[in-house]
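Participant: For the record, the sequence lines run as chains D and P. Last residue of the first sequence: number 221 in numbering that gives the first Met the number 0, and the count goes up by one each step with no gaps. Last residue of the second sequence: number 212 in numbering that gives the first Met the number 0, and the count goes up by one each step with no gaps.
These are computed hints drawn from the structure, not numbers from a lab. Among the hints, erroneous ones may be present.
[Unchecked claim] Computed spacing ranges between beta-carbons, pair by pair:
(1) D/Lys71 to P/Leu151: 40 to 50 Å
(2) D/Asp33 to P/Leu3: 48 to 58 Å
(3) P/Leu151 to D/Glu59: 35 to 45 Å
(4) D/Asp33 to P/His69: 22 to 32 Å
(5) D/Gly49 to P/Gly167: 20 to 30 Å
(6) D/Ser26 to P/Gly172: 45 to 55 Å
(7) D/Leu4 to P/Cys117: 42 to 52 Å
(8) P/Cys117 to D/Pro157: 48 to 58 Å
(9) P/Ile179 to D/Glu152: 19 to 29 Å
(10) P/Leu165 to D/Gly174: 25 to 35 Å
(11) P/Gln169 to D/Asn63: 30 to 40 Å
(12) P/Ser129 to D/Lys30: 36 to 46 Å
Ideal placement from N, C-alpha and C gives every residue a C-beta, glycine not left out.
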Amino acid sequence: MKDKLFTVAYMAAVSAAFTLSVALVDSATQKRRDLNAELAKKRVIMEVLGVEVPKGAKLEKTLNIYEERVYKTDIRVNTGAGEVPVLAARSANDELMGYCFQVAGKGFWDMLWGYMAVSPDLKRIRGLAFYEQSETPGLGAEITKPWFEQQFEGKEIPSEPGQDGKLFRLVQPGGQKKEHDVDGVTGATNTTDAVERILNNTLMDFMQTMRKRNSANGAGGE
Amino acid sequence: MPSLWKKVVLSRSAQVFRAGIWDENPIFKQILGICSTLAVTNLLVNTTVMCVGLIFVVVCSNVMVSILRHWTPRRIRMIVEVLIIASFVIMFKMAIDAYLPDISKALGAYVGLIITNCIIMGRAEGFASSNGVWHSFVDGVATGLGYSFILLIIAFFRELMGMGTLFGLQVMGTWWRPWIIMVMPPGAFFALAMVIWVVRRYGQVEPEDEGAA
C-alpha cells in the first residue's frame, strides 16, 4: 500500500515539476514567438504587394513600414479558412499598389497559409507567397522557394475560367505549357494539386466580389 | 605524461564515449533512430538543427533519468522517462520557434518527433537508469555525436546530389542535373545503406556475433 502511494505521489511530483519547467520556457519565449509569427506574416504581405523593405531591416523598422503602407479595406473574401478582409497597400506617393488577401487550405501534411496580391486594375497577379506550411522539406516545401513564387509575378488573370473551371493550372515542370499554366513541383503531386485548388478558389471568389462591387459602384453613377 | 594519457584513454568515461561514437553507434551499429535519419537528411541546414536538438535532448534526459534513478519506482520508470524526454523536446521546439523561426518552419513536425526517437529512450532505459550522472552525461554526448556525424554525412551527399547545393549554397555548376530521387524518401534509403556498408566494411567494426539480432 505504501509502495503504491509513493508511486502515485512520485509520478505526480515529477509531472508537476516538468510541466512547470515547460510552462516557464513557454512564457519566456511566448512574446518572441508571437512577434516572429506576426512579422513573418507582415513580411509576406509586403513582399507580395511589392512594398519594399530595406534588406536586413530590424524588426521595428519592418513593422513601421507595414503600418505606414498597408491598410485593411472593407472588402471581404472567402478563403479556405473563412472570410477575411482584403488588404491593400499605397505607394510613397499615395497610389494604390494592389490588393492582397490570404490564401489557405489543406496541403499534403497540414494547412497551407499564404498571401496573394492582385494589381489595382485586377488584370494581373502581383505576387504569391506562403508563410506557413508543413510540406516535405525539399519536395512540397519548394512552394516557398523563389523559383515557384516568382512564376506568379505579373501573371495575367484570365477574365473567365477555362473549361475545367480553373483560372490557372499547375503542370509538370518541363512539359508543354499552355497559357495560364504554371510549373508545379516534381515529386510533390499532392502539394501541387492542393496549391492549384486553393489559389483558384480564392482568386475566383475575390474576382467575383470585386466585379460585383465595381458594377454596383458603376450603377451608383460614377 | 604517457601514463596520464593511458589513464584517460582507458578510463570508463573514454570507453563510454567511444562506445557512443563508434562501437555502439546508434545508426550504423544499432540501426536505431532510422525514421529521423531518413526524414531530415535531405538538406544540411535542417539536419544540423535536428542534430543539435537530439544532442540536447539525449544529454538532458540521460542526466535527468540518472539523477532520479534511485527514487523512480521500477514499474513506472518508462512513463517517467517519456515524460522527461517529451518535456525537453517541447522546450527545444519552443526555443527554435523563438530564435530560429525559419529553420523551425522547415523542420515542421520532425522536431516534435524527437520524442519518439528510439535512441533517446534506448539510452535512458539502457544506460542512464543504471549508471551515474557523469557517465550518463558522457554517454548522451557521445550517442548524440555518433548520430549526428552519420546524419551529416548522409545529408551532405543527399543535398549535393539531389539539389547541387550545400547548406543552401549552389556548389555544383549549371551542368549538374540534380538527382531528384536523392532528396526524396528512396534516396534516404540508398544513402543510409551506402554509409552502413562503407563503415562496416572499412571501419574496422568488429564483426557481430553470428545469430545476433
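Participant: Now tell me, hint by hint, if it's right for this structure.
Facilitator: Against the structure, the hints come out as follows:
For the hinted restraint 40 to 50 Å between D/Lys71 and P/Leu151, the CB-CB distance of approximately 46 Å keeps it satisfied. Here the CB-CB span from D/Asp33 to P/Leu3 is close to 53 Å, well matched to the stated 48 to 58 Å. Checked against the hint of 35 to 45 Å, the C-beta distance between P/Leu151 and D/Glu59 comes to roughly 37 Å, which is consistent with it. The hint said 22 to 32 Å for the Cβ distance between D/Asp33 and P/His69, and at roughly 41 Å that hint is violated.
Look at D/Gly49 against P/Gly167: about 25 Å separates their beta carbons, and that is inside 20 to 30 Å. A C-beta distance of roughly 50 Å is found between D/Ser26 and P/Gly172, which places it inside the suggested range of 45 to 55 Å. Take D/Leu4 and P/Cys117: their Cβ atoms lie about 33 Å apart, and the range 42 to 52 Å is violated. A C-beta distance of roughly 52 Å is found between P/Cys117 and D/Pro157, which places it inside the suggested range of 48 to 58 Å.
For P/Ile179 and D/Glu152, the Cβ-Cβ distance of about 25 Å falls inside the hinted range of 19 to 29 Å, so the restraint holds. Roughly 30 Å separates the CB atoms of P/Leu165 and D/Gly174, a value that falls within the hinted 25 to 35 Å. Taking 30 to 40 Å as the suggested C-beta distance range, the pair P/Gln169 and D/Asn63 conforms, at roughly 34 Å. Restraint check, P/Ser129 to D/Lys30: a C-beta distance of roughly 42 Å satisfies the suggested window 36 to 46 Å.
This entry does not satisfy hints 4 and 7, going by the numbered hints stated previously.
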